[in-house]
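Model the full structure from these sequences, guided by the hints.
Protein chains in written order, with my numbering: chain A, 7 to 124; chain B, 13 to 130.
If you are wondering where the hints come from, they were derived from the structure by calculation, not from laboratory data. Nothing false has been slipped in among the hints.
Reference excerpt, derived from the structure (chain A facing chain B, CB under 7 Å, subset only): (1) GLN47; (2) GLY48; (3) PRO49; (4) PHE51; (5) GLN62; (6) THR100; (7) GLU112; (8) PHE115; (9) GLN117; (10) GLY118.
The C-beta atom is built at its ideal place from N, Cα and C for all residues, glycine as well.
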Amino acid sequence: DAGVTQSPTHLIKTRGQQVTLRCSPKSGHDTVSWYQQALGQGPQFIFQYYEEEERQRGNFPDRFSGHQFPNYSSELNVNALLLGDSALYLCASTSRLSGQNPLNTEAFFGQGTRLTVV
Amino acid sequence: AQTVTQSQPEMSVQEAETVTLSCTYDTSENNYYLFWYKQPPSRQMILVIRQEAYKQQNATENRFSVNFQKAAKSFSLKISDSQLGDTAMYFCAFMKLPYTGANSKLTFGKGITLSVRP
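Encoded structure:
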């Protein structure tokens, strides 16, 4: 059973450029959330997708956008990159169909994409 | 809005000893989950233990147990018989209920770096 996979693992971009990060959720999961983790900090919620629509959004500017495909995979796009966008970007998947069973509350994370903006 | 506070940036423990990591949170919600996640150098977030707020009994998972004090909004993690493989960053996280996918956003603390000494 494949877990959450993210690509690429590392990326270096120049300030002002655009970047796309990709995530495939765990098998059986239909909801993808994206988090930004600055060095030495906890992850910060960016947004969440299910049924191919953005459902929740954290306190991030419109430069951060996303997409979810019919196979539940997702992309995170960041435009006009700033030096401060350098971080580890984590994808987490969950399943809405699990209902309120506490055993199904676990979010499974990928290994992240390390983005460096120079 | 929910906040999660981890005030200890670093801790160190001798192998086989016991260590307690602290976490406090603030919320107006009555139904929620609390989690401890481990992030080793491989970067992948791994769930250590979860606690449902409506349960008075403290959760335990092998060497890991929590002390959940709902009135004090405190949620500490105790690691018994510490092992070298426990060396990692540990994050306390909050998730509000009901769990329907739309509410599966996690709010993380800043994390604590735990080092286990041989």
